[in-house]
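Q: Listed below are the residues making up each chain.
There are 2 protein chains.
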Amino acid sequence: MKILRISPLCLRRSYASFKPAPKLSVSDLNESTLEAKYAVRGKIPIRADELRSKIKELNHGLPYDRIISANIGNPQQLDQKPLSWYRQTLSLVQYPTLIDKINKLDKNVRDALYPPDVVDRAKKLLKSTGSVGAYSHSQGDTLIRESVAEFIHQRDGYPSDPNNIFLTGGASAAVLYLIQVLSSGTKTGFLIPIPQYPLYTASISLNKAVPIGYYLDEANDWSTDPKLIRKLIKENKEKGVTPKCLVVINPGNPTGSILTEKDITEILEIAAEHGLVVIADEVYQENVFEGQFTSMKKVLAGLVEKDPQSYGNVQLASLHSTSKGVSGECGQRGGYIELVGFAKEVKEIIFKLASINLCPVVTGQILVELMVNHPKKGSPSYDLYNHEVSSIHKDLLERATLLYGSFQKMTDVECNKPRGAMYLFPKLNFTEDKYPKLFKKCEELNLTPDEFYCTELLEQTGICSVPGNGFGQVPGTYHLRTTFLPPGTEWIESWSNFHKDFISTFKQK
Amino acid sequence: MKILRISPLCLRRSYASFKPAPKLSVSDLNESTLEAKYAVRGKIPIRADELRSKIKELNHGLPYDRIISANIGNPQQLDQKPLSWYRQTLSLVQYPTLIDKINKLDKNVRDALYPPDVVDRAKKLLKSTGSVGAYSHSQGDTLIRESVAEFIHQRDGYPSDPNNIFLTGGASAAVLYLIQVLSSGTKTGFLIPIPQYPLYTASISLNKAVPIGYYLDEANDWSTDPKLIRKLIKENKEKGVTPKCLVVINPGNPTGSILTEKDITEILEIAAEHGLVVIADEVYQENVFEGQFTSMKKVLAGLVEKDPQSYGNVQLASLHSTSKGVSGECGQRGGYIELVGFAKEVKEIIFKLASINLCPVVTGQILVELMVNHPKKGSPSYDLYNHEVSSIHKDLLERATLLYGSFQKMTDVECNKPRGAMYLFPKLNFTEDKYPKLFKKCEELNLTPDEFYCTELLEQTGICSVPGNGFGQVPGTYHLRTTFLPPGTEWIESWSNFHKDFISTFKQK
Chain X
1 MKILRISPLC
11 LRRSYASFKP
21 APKLSVSDLN
31 ESTLEAKYAV
41 RGKIPIRADE
51 LRSKIKELNH
61 GLPYDRIISA
71 NIGNPQQLDQ
81 KPLSWYRQTL
91 SLVQYPTLID
101 KINKLDKNVR
111 DALYPPDVVD
121 RAKKLLKSTG
131 SVGAYSHSQG
141 DTLIRESVAE
151 FIHQRDGYPS
161 DPNNIFLTGG
171 ASAAVLYLIQ
181 VLSSGTKTGF
191 LIPIPQYPLY
201 TASISLNKAV
211 PIGYYLDEAN
221 DWSTDPKLIR
231 KLIKENKEKG
241 VTPKCLVVIN
251 PGNPTGSILT
261 EKDITEILEI
271 AAEHGLVVIA
281 DEVYQENVFE
291 GQFTSMKKVL
301 AGLVEKDPQS
311 YGNVQLASLH
321 STSKGVSGEC
331 GQRGGYIELV
341 GFAKEVKEII
351 FKLASINLCP
361 VVTGQILVEL
371 MVNHPKKGSP
381 SYDLYNHEVS
391 SIHKDLLERA
401 TLLYGSFQKM
411 TDVECNKPRG
421 AMYLFPKLNF
431 TEDKYPKLFK
441 KCEELNLTPD
451 EFYCTELLEQ
461 TGICSVPGNG
471 FGQVPGTYHL
481 RTTFLPPGTE
491 WIESWSNFHK
501 DFISTFKQK
Chain D
1 MKILRISPLC
11 LRRSYASFKP
21 APKLSVSDLN
31 ESTLEAKYAV
41 RGKIPIRADE
51 LRSKIKELNH
61 GLPYDRIISA
71 NIGNPQQLDQ
81 KPLSWYRQTL
91 SLVQYPTLID
101 KINKLDKNVR
111 DALYPPDVVD
121 RAKKLLKSTG
131 SVGAYSHSQG
141 DTLIRESVAE
151 FIHQRDGYPS
161 DPNNIFLTGG
171 ASAAVLYLIQ
181 VLSSGTKTGF
191 LIPIPQYPLY
201 TASISLNKAV
211 PIGYYLDEAN
221 DWSTDPKLIR
231 KLIKENKEKG
241 VTPKCLVVIN
251 PGNPTGSILT
261 EKDITEILEI
271 AAEHGLVVIA
281 DEVYQENVFE
291 GQFTSMKKVL
301 AGLVEKDPQS
311 YGNVQLASLH
321 STSKGVSGEC
331 GQRGGYIELV
341 GFAKEVKEII
351 FKLASINLCP
361 VVTGQILVEL
371 MVNHPKKGSP
381 SYDLYNHEVS
391 SIHKDLLERA
401 TLLYGSFQKM
411 TDVECNKPRG
421 AMYLFPKLNF
431 TEDKYPKLFK
441 KCEELNLTPD
451 EFYCTELLEQ
461 TGICSVPGNG
471 FGQVPGTYHL
481 RTTFLPPGTE
491 WIESWSNFHK
501 DFISTFKQK
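Just so you know, the sequences run in chain order X and D. Using UniProt numbering, read the first sequence as starting at 1 and increasing by one per residue. Using UniProt numbering, read the second sequence as starting at 1 and increasing by one per residue.
These aren't lab readings, by the way, just hints derived from the structure by calculation. Not one of these hints is a red herring.
If several chains are the same, the list does not tell them apart, and a pair holds so long as it fits within one copy or across any two.
List of simulated lysine-lysine pairs, DSS-like, C-alpha gap at most 25 Å:
#1 Lys43 - Lys352
#2 Lys19 - Lys239
#3 Lys231 - Lys23
#4 Lys377 - Lys123
#5 Lys208 - Lys352
#6 Lys409 - Lys394
#7 Lys19 - Lys237
#8 Lys127 - Lys104
#9 Lys500 - Lys417
#10 Lys124 - Lys107
#11 Lys54 - Lys43
#12 Lys227 - Lys239
#13 Lys23 - Lys347
#14 Lys427 - Lys509
#15 Lys123 - Lys376
Put together the whole structure using the sequences plus the hints.
A: This is how it looks when you write it as structure tokens:
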């Protein structure tokens, strides 16, 4: 029957009468897409995927039977269980018929399947969204934006306007919008912390703008130095680059640091003076072990209250996400931006971009609602919710402490104490005088010492981490980022053993 | 307690010591984001939102009590019910604990809640994804990509490679990636049909590339004219613009036309000769009322089989989505691209872009699986599935026919018979000699006649449609796009009445 598949036009002749053009090569593509780098899913994680496939083969010959994905904060890929409150509600909004079906069951059976507050919330959300299969308003469902505004109000003690909330497909989509809108030419500068989360440099590359890295102070718990920022603004203006935006990641990724209120105030003063939009990436606001998270919005609202003339023009975009915290619902793509102080016409352009993307996934929007408006004491779901949340917090702290402890014991590794987020960013104190063999090897392989270390760590132990150069580091220093999410202690032991061998192979005796 | 919120730094002084910078205005933003237009959610739909809010007020004073959203193909916002097969499975993958819980129920109760093939599929998907809350591979879950490849194989009779499948957040995300990657400067041309779906012009604007519109032939059922495309390629090359990609929307949006195999073959010949990447937007492949859908991939595979030398270099990206068809799951953001013929290095760049976005929403990926690998005859879910699918098809055909019939009766309206997709794109035969008052009014209001017509239609009847100029049309012609999704006949009657009044007001007697 093959002949049926050939069009009549083709049957008329054996060969086409034209000279075929060649395929595209990378040199035909958008240069900015070639330049963008994203190490978190870069060379080493891609190699980890290959090894993961290899492990499935019989007699794979590798000295391990699993890959430890410590390259990315993806808790549910490891063993973190989703919160029942989230998943119960989502299962009902996905299948509303079930609400009627369970209503016909005995009360005991029904309540064991779905606590009444879950059913109520699901109904309320269905009433607002209509169906999770319908496009929502491009800015996100109204009811959910109202809940987000109320959450911010409760958190900060200052009101928030639901019209300033944009629900987004995770915080990544928010960053991509904002950087796209603000990149008004190849002379637009974005001040970003170094080390940074590489989504920032990637988005800046894609928009052909200029990253201006401000180094965080490793010796002082990765703190932010306002003087340095001011200096960079001055220098870049002199070079013809206009700094237009300042990115703050708090709690820090990959550093795990937490900004003090004093630091935040100084950053906002710089923003007010230089008309910089502040992007406050606060997706780890629930992941705090030591110290206290203070939102950029809270500090700004306080400053505006006290001195509206000086601070009234500050434009702040703060981001939150359902992927981190105790939610860890990375694959569900929920998040929001709060825009403060932006002109109406500018918000309209951001809205247009959101419209071109139609709408953020509706179930992700619902997760935002469930995160910001969770069961309160006394409600049927509260005890289980509270128990699950506490266990996750406890677990994360234990794992962070354990991994931190073992880095402290490793030769020539220095690591700041984790305060927040999901990562450690230890320094590998490799210098050419102490590690001549290592530097020679790296030169041969055209790798930096951190790339080589992470590559070897992966090949020998199956642990996938990300070299510090994917995040940025002071030249001549070497780091790596690892999450502390993988369960158990066995992988940490195998890392320690690897490290011992590495040192004994490469360190000058 | 307010004092606690003010930082120590602020307490030291009453006023800041700097001159505050002004807020951003639109002139400070990325020019390309200002220029991008997206009429489907543009001025008229935004006005419809305002009216929708107004309707909620007591004594709103409007002559209608609901807005008819005919501007966007959003079936579940109207009254299309989701397929039980989709939603049952999604509810289980969202809440896997339910699988254990229902296992403890009596078989009768259990099977009434969840047919066994739903439970099996949910388990299989959970095994592959781990959790819908975990980031997946950036290209999408492997099992699901295998199902997509098998679906394409069955559909076309030619094999498909799962490594060439990229799962995406709806087809929109796919279009945005592809146009971004291919836009290698301000002289890159994209051949797009006119009328087109405005996502294309919007993406091309955002990437500062050049749209090259090829008019579809309205007098011949909106067919494609290969001669015209060849002429445009020649002219644009002479002007220094390099056509790099040719977009085909089949079944057509907004036109509802279907490409013949002969047309597709000619398009592929042009692509082979000029090295154009073909983007085949085939999201309406299931929405066919008359004639038959033939995929671009099938025709290409046939040509390559017969004449690999001429056609072996053709690069095709074909798109599909869970938002349209009988699925209509717009808010869930599922879709895929099949890449055929692309160099490995080019696919790597597309993969990198996907990585920067982390992963398409996992529940949307699962919907793709459920769409391409649905219950087969004999399986427990088949009868209900088949019944629901047939009803939706029947319903859509009825609504299309009804609306088409009423356009045929309207004075000075011409409409091609709908063959596929979800839209009608009638022509408003308004000419200055017959409608002098209309053209005078439009000049006063700085609106085109189609914009004015759609605005009046909305204000007077609550029906939200999109003017033809949002999609492109031959200069001096006026159209509008409407979906035929809204239920009932009452809205169609009110449109007919509005039209009569409009004609009697504006047409020269």
